[in-house]
Amino acid sequence: MYRVVEIEEIIKETPTIKTFFFRDETQPSPGQFYMIWLPGVDEFPMSISYIGERKAFSVKLVGEGTRKMHSLSEGDRLWIRGPYGRGFVEKNKKALFVGGGSGMATLAPLIERMRGDVVIAARTKEELLFKRRFKNRRVYIATDDGSEGFRGFAHELVERLLEENEYEIIYTCGPELMMRKLIDIAIERGLDIQASLERLMKCGIGICDSCSINGYRVCVDGPVFEKDILIEMSDLGRYTRDRAGRRVPL
Amino acid sequence: MYRVVEIEEIIKETPTIKTFFFRDETQPSPGQFYMIWLPGVDEFPMSISYIGERKAFSVKLVGEGTRKMHSLSEGDRLWIRGPYGRGFVEKNKKALFVGGGSGMATLAPLIERMRGDVVIAARTKEELLFKRRFKNRRVYIATDDGSEGFRGFAHELVERLLEENEYEIIYTCGPELMMRKLIDIAIERGLDIQASLERLMKCGIGICDSCSINGYRVCVDGPVFEKDILIEMSDLGRYTRDRAGRRVPL
Amino acid sequence: MLSVAINDLRFRNPLLLASGILDESGESMLQVIKHGAGGVVTKSIGMEPREGYENPVIYELSYGLLNAIGLANPGIENYGEEIKIAKRGGVPVIGSVFGKDAEEFAYLARKMEEYGVDAVELNLSCPHARGYGMEIGVDAALVEEIVKEVKRKVNIPVWAKLTPNTHNIVEIAKAASDSDALVLINTVRAMAIDIEAKLPVLSNIFGGLSGPCIKPIGIRAVYEVYREVEKPIVGVGGIIDARDVIEYIMAGASAVEIGTAIYLRGIHVFSEIASEMEDWMKKHGYEKIEELVGIAQVR
Amino acid sequence: MLSVAINDLRFRNPLLLASGILDESGESMLQVIKHGAGGVVTKSIGMEPREGYENPVIYELSYGLLNAIGLANPGIENYGEEIKIAKRGGVPVIGSVFGKDAEEFAYLARKMEEYGVDAVELNLSCPHARGYGMEIGVDAALVEEIVKEVKRKVNIPVWAKLTPNTHNIVEIAKAASDSDALVLINTVRAMAIDIEAKLPVLSNIFGGLSGPCIKPIGIRAVYEVYREVEKPIVGVGGIIDARDVIEYIMAGASAVEIGTAIYLRGIHVFSEIASEMEDWMKKHGYEKIEELVGIAQVR
Ligand SMILES: Cc1cc2nc3c(=O)[nH]c(=O)nc-3n(C[C@H](O)[C@H](O)[C@H](O)COP(=O)(O)OP(=O)(O)OC[C@H]3O[C@@H](n4cnc5c(N)ncnc54)[C@H](O)[C@@H]3O)c2cc1C
Ligand SMILES: Cc1cc2nc3c(=O)[nH]c(=O)nc-3n(C[C@H](O)[C@H](O)[C@H](O)COP(=O)(O)OP(=O)(O)OC[C@H]3O[C@@H](n4cnc5c(N)ncnc54)[C@H](O)[C@@H]3O)c2cc1C
Ligand SMILES: Cc1cc2nc3c(=O)[nH]c(=O)nc-3n(C[C@H](O)[C@H](O)[C@H](O)COP(=O)(O)O)c2cc1C
Ligand SMILES: Cc1cc2nc3c(=O)[nH]c(=O)nc-3n(C[C@H](O)[C@H](O)[C@H](O)COP(=O)(O)O)c2cc1C
Ligand code: FES
Ligand code: FES
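Chains as they are written, first to last, in the working numbering: chain A, 46 to 295; chain B, 46 to 295; chain C, 5 to 303; chain D, 5 to 303.
No lab work stands behind these hints: they were computed from the structure.
All values reported here derive from a predicted model rather than from experimental measurement.
Be careful, since some hints might not be right.
Said to hold, decoys possible - The list that follows gives simulated cross-link-like pairs (lysine-lysine, DSS-like), each with its CA atoms no further than 25 Å apart: (1) Lys287/D <-> Lys202/C; (2) Lys136/B <-> Lys272/B; (3) Lys104/D <-> Lys113/A; (4) Lys113/B <-> Lys202/C; (5) Lys202/D <-> Lys292/C; (6) Lys272/B <-> Lys139/B; (7) Lys38/D <-> Lys272/A.
When you get a sec, could you build the whole thing from the sequences and use the hints?
And the structure:
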């Protein structure tokens, strides 16, 4: 069963990311996701980027489905099911949040509920998501092209920050390679880490095996995994599975 | 789904009636019934005759199914579904309870919950059911053969009692012809009445139409009906339906 | 707003009582009509009175019912009075019949016509009675013969009720296409065992599955047949609310029949669904049921 | 206590993972084994890699699931590694395959044998992929030919998985009786429409119904076939707890496969059901599963 929700407001966040606000009775926790069906077009997973009474998805345009989504207007409808999966586990540790690209969408509601510093990373300045969303926070910026903040990859900035600060845990969501680096850093330095993964999803409910990585299903065992499991994921950042289920290098 | 209950105790009430005690979580009200399945033998409806934590059916031997039931021992099991149907509606009126034969089984738990006088009727002395069950009550006895109490039919005794007492309502269960007479008496004298009917039951849940009488289903609209409906039942005491659904004179 | 027509037969709403549920006696059908049904289909009536199977004939599941009533019925010769009573309800009465061959079906249909029914429904699909229903209903040639023979013998509309217990319902539907409407679906052949009794629950062992659990099978059947056979379709199977009715109509049904929901929601289910449907249609800007028929078909 | 054998193949318990659920990758199968499965059946593998259908491929119902994954699979040539990994679990691995004719089936089965599976399961029953599965599985002659050909080409046991979407599963079972075991049932052909979208939900329109709602159909199939065909039977369809497993076994199954329950109860469903079964058997004085096989058959 899908629930139909109406888009109340659309905010253009970056040239490629729009936030779609809607109302829905469910009570997701940060890191959980929904499946969005656009009838006749596609169905895809989307993290919840606002979890209050007014909820939202923040959607990056990457292909056919998200293009259709970006063409919608206020008043249009979305077919959704969820919330699915396991979100972040809030731990009483000094935290650093690291969001890359649309990964900030997943991380944002968690950041709002916790303390800790934030790294927002993107390819370029215009693509920085939620730069102004968090009040009274230390927010660090990194861009690949150096158009704003630190020039370079997010994990490089993180390594610097770790020199100066006593962070105990990293919460992250973003490109898989970035997360792989952060996990390696966390292992090396003995930090805790939680990462929200993205894999090809078909069912979203733990039965089709399309999202599995080393035997863990991103859709129900994740999308957020804790350190002990992340360590076991030898494929992370290295191999993925294509739509036919073939294991292919990332 | 059937529930399986164990027979805790069996009491021989009369030469043809035995009471089977068991425990079950359901909370029936007086007048409701269960379907009892004896695997490999038969399934039939049975009113609840004790409704406390310890429940019971009081079963008259009439055919194959009830014969098998009578052959069971303590420790044997019953497969039951229910409770089904609508029981008696307890009204704040001066009541007379009239039970004929195994009809007393249906009426007994109601009598225990209310005030009012009781008429127990049977063909003969030995068949009087629950003669000693009700404490501090006025209990009148009628037998067809006069072997105990009033000699004659229950409704004849009731007519006499009505001469002397100001009853406002009759609650009854017993042979259909007896109930027909009591209804006619109630109509004539402007008394209220509720009667628990018995008809051939197949499904017990209101879909097969086998128990219907003038468009009312004994299994879900009844088995207890109130006066306004009883008045409409022109077939009551006159016609019944056989297993094939043919309308045949009673 | 809810009025529909199947061929020339008009119904005040598309919610008909399904065969076999509360429709043996005329007075019960009257009650169902009083509670809002747009039409009623009688229990399936045969040549002779039949007592049906021994109890248990029904088994409650959490998502439907299993039944093997066994085509209990008073026999066609005793059925005229019940039709007469049902007709007092002022809505179309459809006489359901089952026989073992074309000749029996034709005889039964003629009798029903005499009794005054507005259409006959041929039960080519009961999944648990030997020699009747489904055993006939999976044989395309026999289905064709029966439908043709009945059409030859009666002047009222002839509806053919088909079984989902086949790999190709479209083929059977085509074989039945001399009829005036197709009724899809009957119950699905099924059974249950009580593990404490170590025995099948139904005295007949096998029975028919109805209720919400078969709705996706019914929707599929209606959808498949609608695109291949140009006949009005009456959708049946697992309807419990207005959304289910609309789903059937969007799949291609012009009307529906409702059975098990009487157990799940009570006899007032007809008027309740009717008003739920009106609300939905108003909210979505539809004025006539016809606008919705088959609109979910993807071409 | 729970150990069973299908022919010479021993399983620590009768609870196998059904084909198509969490069994595309070797590591997922290992997880399922870790959570107690007595054996695993792989996703159905074909000649070429297949991406399957577009999303939506699944639809949640309150009493089961509708799916049209579309036989997505990496292709037989890429599958050796997955089998190798799954085999580490130490329980039998059954390779499921689907092809368009006897030759393809035989080729796929040979490959599976090379990869080291303990048996092959022929998917003669997927209800929603054109030219595969069910379209083949309702043709008795073709079923017979495929099973015979595969038997000729491999030395490991051959299981035939049959569809319930036929009017006569016994006939198909007989046609498949050269196999070493019969697996009953696959999903039931079905569909759903979203009335707000006015469209079928699955991108493929048609899909297969699984879960509790099809259990009475599966039990019926096992019961019917057990009395007519002398082959071990593996029961599948709608199992969510030990009572369901026992029901299938009493109907005639020697073991069962479990799929949708992973969605309903989680991956730990295997060990949970295993311990529920032991409790039931102890309470009822049974020492071996074999004592229960087919005991609900009424002769
Ligand atoms: C749990 C989860 C949460 C997500 N949350 C968000 C979110 O909050 N905001 C957001 O913008 N996106 C999110 N995504 C990613 C989003 O689902 C995809 O961008 C979307 O499915 C693309 O659909 P499409 O039809 O537009 O692209 P397609 O036409 O399907 O693909 C376009 C390109 O994107 C790639 N792609 C598609 N899906 C993924 C994926 N899951 N991972 C990596 N690459 C992919 C394809 O390989 C292809 O190169 C999430 C994904 C998952 C699994
Ligand atoms: C709602 C309801 C509550 C009941 N409560 C009780 C109760 O508390 N105690 C009790 O002893 N009996 C009760 N009965 C009657 C009981 O169900 C029947 O006596 C029983 O079904 C007979 O089964 P059998 O297989 O022994 O008889 P069968 O072999 O089926 O029939 C034997 C004879 O009894 C007649 N008979 C069977 N069922 C009925 C019936 N329902 N009404 C009238 N005649 C019937 C048959 O026509 C036949 O002549 C109740 C019936 C109903 C409908
Ligand atoms: C108790 C019962 C009896 C039935 N008897 C008949 C019958 O006599 N003739 C017939 O064509 N269908 C019969 N059916 C099938 C229904 O008419 C209907 O096709 C089926 O139950 C699916 O609809 P539902 O899910 O709304 O009940 C019967 C169904 C039930 C549950
Ligand atoms: C998502 C999904 C995918 C399936 N894929 C296959 C498959 O590839 N091959 C196959 O033989 N059966 C497949 N099936 C059918 C199952 O193996 C099983 O027969 C059916 O789901 C009934 O069992 P269940 O109710 O326990 O799920 C699939 C079922 C589901 C739900
Ligand atoms: S998307 Fe199907 S298992 Fe995760
Ligand atoms: S017993 Fe079936 S309707 Fe009452």
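*Taking only the CA atoms, is the gap from Lys272/B to Lys139/B under or equal to 25 Å?*
Holds, at roughly 16 Å.
_Please verify whether Lys104/D and Lys113/A have alpha carbons no more than 25 Å apart._
36 Å, violated
*Hey, Lys202/D versus Lys292/C, does the alpha-carbon distance stay inside 25 Å?*
With Cα atoms ~16 Å apart, Lys202/D and Lys292/C stay inside 25 Å; holds.
*Sort out whether Lys272/B lies within 25 Å of Lys136/B, counting only the CA atoms.*
13 Å, holds
*Holds or violated: Lys113/B with Lys202/C, Cα cutoff 25 Å?*
Roughly 18 Å between the alpha carbons, so the hint for Lys113/B and Lys202/C holds.
*Pairwise hint evaluation, Lys202/C against Lys287/D, where the allowed Cα distance is 25 Å at most*: The hint holds at about 15 Å.
*Is it true that the CA of Lys38/D sits at most 25 Å from the CA of Lys272/A?*
At roughly 21 Å apart (the allowed maximum being 25 Å), Lys272/A and Lys38/D satisfy the hint.
Going through the hint list in order, the structure does not satisfy hint 3, though it satisfies all others.
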